[in-house]
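There are 2 protein chains.
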Amino acid sequence: MPSTTTPTLLPADDPRALVDDPLAFGVGARVTLAVMADRYVELITDALASADAGGLVLETGDVSTYAGGTEHDLLRWLTQLGAAVAASGVHAAMVVHLSRGCPGEVVCALPGGAGPRAVETPGGVRTGHFATAEWALYPLADEVTGDVEPDHMRDIYTAIARARDNGTFVASEHFVTRLAGDLGDVLGTVVAGWTGVGRSVQHVTSHLTVSLNSPSHTAGEVR
Amino acid sequence: MPSTTTPTLLPADDPRALVDDPLAFGVGARVTLAVMADRYVELITDALASADAGGLVLETGDVSTYAGGTEHDLLRWLTQLGAAVAASGVHAAMVVHLSRGCPGEVVCALPGGAGPRAVETPGGVRTGHFATAEWALYPLADEVTGDVEPDHMRDIYTAIARARDNGTFVASEHFVTRLAGDLGDVLGTVVAGWTGVGRSVQHVTSHLTVSLNSPSHTAGEVR
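Chains as they are written, first to last, in our numbering: chain X, 1136 to 1358; chain E, 1136 to 1358.
Do not take every clue at face value.
Beta-carbon label-pair distances, calculated as ranges [what the hints assert, rightly or not]:
#1 M1288(E) with E1177(X): 38 to 48 Å
#2 T1195(X) with G1190(E): 32 to 42 Å
#3 V1176(X) with D1181(E): 21 to 31 Å
#4 T1293(X) with D1181(E): 37 to 47 Å
#5 D1300(E) with P1350(X): 39 to 49 Å
Sample of chain X residues with no beta-carbon within 12 Å of chain E, all distances over it, derived [what the hints assert, rightly or not]:
#6 Q1215
#7 A1219
#8 A1227
Hints were generated in silico from the structure; no laboratory data involved. A quick note: this is a predicted structure, and the numbers were derived from the prediction, not measured. We put the beta carbon where it would ideally sit given N, CA and C, even for glycine.
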């Protein structure tokens, strides 16, 4: 949930008034589902139709689907989306780009000093589907007004430690951290790491490539 | 080409001695090819076999393939890889993660102060295949020893200006820049933006999701 700051007590032009509004703060994801089967259109359409997008603003493009809203709603939607694709049994890649603290593209529409935005860590939900993934986490801005001093390495170590604790951490690879386990645990780890860094840094992005139903995965790996 | 700094004239423990070695500097890419057809294994295997990987170190995993080497070799390989998939006529996503200046994962194996690494901008090669793409570019470290002062916004504006000049820029979207055009021009724009920022910032990453042969693309868009 958003922090307990009450926006109405702040002057209208104070950027901190925007922190509690996930869309004004630019909390969102872009997702590409790439289903490796001739009937990919049907499978992608079905997955998008079955996932609960409650609370989210969705915009579908030809490269990815954008979803804006709270971290909690995003994690639920991403998990249901991935689980629907996984349930088809077909090999698929799910590419997830998370961002918060910088609505807009080249120039943030949100001024520096608006954040950070502290939320409770959304809990992941087990799906019964095994996934492997490669994860990158980027704290991108240090100009904050919160009580916690920015410390990128502390926050990234915390994110890695959580992955070790919940068993999703596999290894450090070139440029990424390799994760494996239940799809819900993998996505929960990534969203928790992203929101965790966001407690002290306004602009945080994260990129994740997930492999589902890979022929390289053995049946024994499915939990 | 690498800068004209001669590594042998530097003390062995000077991190600047590593700049001219692309592998020591962590110049590389991770690529995921997701081909949306039942015969995806054959198409991905064929594309990997046909692309010229000369000069590159390759490691294939179940989520992505890592390639390490010079920016020039990486652009040639990425372009040939994507063109081979596009030539199949099958809809596919190509996910590219570029990184330079930070070999390793949580902690850079390269000390701060090693870079930046200045190289000539590799030229893109036209492929005859139309692509759309979403692009994010991240300057991640400011501690540099070069002659050019770091200025993230200047470098990102320069990258966007190049995309406008060569006609690949389409629009600013949530969290990304949308590109479209010949696959070779799109990849050339991205690699040029990444190396351009790298003239003043040691650690620069970039993430690109490319859509090939999308049913949303009309025949008129193919150049």
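Evaluated hints:
With their beta carbons about 44 Å apart, M1288(E) and E1177(X) fall inside the hinted range of 38 to 48 Å. Roughly 39 Å separates the CB atoms of T1195(X) and G1190(E), a value that falls within the hinted 32 to 42 Å. Look at V1176(X) against D1181(E): about 23 Å separates their beta carbons, and that is inside 21 to 31 Å. Distance hint check: the CB atoms of T1293(X) and D1181(E) are about 43 Å apart, consistent with the given range 37 to 47 Å.
D1300(E) and P1350(X) have their C-beta atoms about 43 Å apart, which keeps the hinted 39 to 49 Å range intact. Every Cβ of chain E is farther than 12 Å from the Cβ of Q1215(X); the closest lies at roughly 20 Å, confirming the non-interface assignment. No beta-carbon of chain E comes within 12 Å of the beta-carbon of A1219(X); the shortest separation is about 16 Å. Distance to chain E contradicts A1227(X) as a non-interface residue, since its nearest Cβ pair spans about 7 Å, not more than 12 Å.
Hint violations for this structure: number 8 only, all remaining hints satisfied.
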